[in-house]
Every structure is written in C-alpha cells, then in structure tokens.
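Peer 1: Top to bottom, those sequences are chains A and B.
First residue of the first sequence? That's 1 in this note's numbering, and the numbers climb one at a time after it.
First residue of the second sequence? That's 1 in this note's numbering, and the numbers climb one at a time after it.
Source of the hints: derived by calculation from the structure; they are not laboratory data.
Stretch by stretch, here's where chain B covers chain A in the computed footprint (C-beta under 8 Å, at least three residues): (1) 43-52; (2) 103-111.
Under the rule of at most 25 Å between Cα atoms (straight-line distance), these lysine-lysine pairs were calculated in the DSS-like manner: (3) A:49 - B:57; (4) A:69 - A:106; (5) A:106 - B:57; (6) A:106 - A:68; (7) A:68 - A:49; (8) A:106 - A:58.
These figures come from a predicted structure and were not determined experimentally.
Beta carbons: idealized from backbone N, C-alpha and C, even for Gly.
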Amino acid sequence: AQSVTQLGSHVSVSEGALVLLRCNYSSSVPPYLFWYVQYPNQGLQLLLKYTTGATLVKGINGFEAEFKKSETSFHLTKPSAHMSDAAEYFCAVSGGNRDDKIIFGKGTRLHILP
Amino acid sequence: KAGVTQTPRYLIKTRGQQVTLSCSPISGHRSVSWYQQTPGQGLQFLFEYFSETQRNKGNFPGRFSGRQFSNSRSEMNVSTLELGDSALYLCASSFGLAGGTSRTQYFGPGTRLLVL
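Just chain A, with the same shape it has in the complex (with noise of 0.2 Å):
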C-alpha cells in the first residue's frame, strides 16, 4: 500500500526567493511519484514525475524534485519563486503494477509575497 504526506498545508514565500513544497512517502514497492499543480477554478497539471533512472527530476515552470528513498522523500522546489507560482500543490504516489492507484496527498498551497 501507498501513502503520501505532504508538510505544511500553507506555505508563504517571498517573490524570488527559494520554494520547498515537502513530501514524504511511503511505499511497499518502488515507488512512481509525481508533483501536480492545480491553479484557482482548474484541474490538476502535471508538474513532473519520477518512475526510475536520475533521482533529480526536472519539470515545467523551473520546478525540480529529488528522489531520496533513504529518507522516503520527493520535495519539490524552484530557485526563485513568482507571482504566477501561486497555486496549490499536489504529491502523489503510485506502485509499479497496472491497476495500482495513484494516491494524492492533501495538497500545500503556496503563497507567493510581494
């Protein structure tokens, strides 16, 4: 079974300054894991996905998150945050088998400072 923890349910981060979203994950089988971006009146967007090979992995938007499976993480992050990366943000986590559900987390939404 799957599970996903996503830390902090609001995150405030001041315009170009680093962003961390958190996750953790747990998972009884290698893990596939994926950051989502939903933005106000919309559905969710794929930001990146890990499933196997390089453990940083690059997504849209400047956005990149890193594989440690000794710590059970996939934190998500960008250099320099914009007014425009407002939105909520989704981890999630699925197994290696076909018919395995993709497992959301709560979701953190991010909060860009002027």
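Following the hints, position chain B against chain A.
Peer 2: This is chain B only, laid out in the frame that chain A set:
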C-alpha cells in the same frame, strides 16, 4: 488536441436527489479516472475505467457509480445525495491504465457540485 472536458461545470442539487456527471477524455485515451476533491479530505480516488471495464475502485459507498462507453466517454452517478457529497469532482484521462506506469494523467477542470 482538445483536453479533457467535463459537463456540467457547476451543479446545485438538494439532498436525496441524484446527479450524473460527464467526462470526455482526450482523443485516443482509453482510461478515465474519477476523483472527489474536498478541502478537508483532499483528492480521493473514486474509480477508474479502462475499455468500458471498471479496473479500480476507491472506498466510497455504493451510491457512487460510474460507467464508460465504447467511445471512452465516462459518466459518474451519485444517488440519494447527501450534504457531504458537495465537492469538486475531477476526471482524468490517460492512454493506458493510470497506475503503476509512466502514463501521464490529464485532468479536466472539474464539476463543482453543491448539495443543499
């Protein structure tokens, strides 16, 4: 390519009524998954359909049901609505089964259901 579309976008119902929501996946996608999103519970998986067959189901009561048609369009139905069913219902499509693969899920904008 057109994205995932969901209809209607907004819906107001009263307790005890039933509701049907529709989802049209991206052309060529055969998998459709449904999620319920609420502020308290976040995104919760309802079910996934692939080639007209339910392949996976979340922990929701039997009042929640779905189906998929031969053109991959999907509907979900909620009978005997309760106040707690008020939520944003999201549909996502992917080429293959969503879980356990590198297949990307593409989400629709959702249907916001309010139960009074």
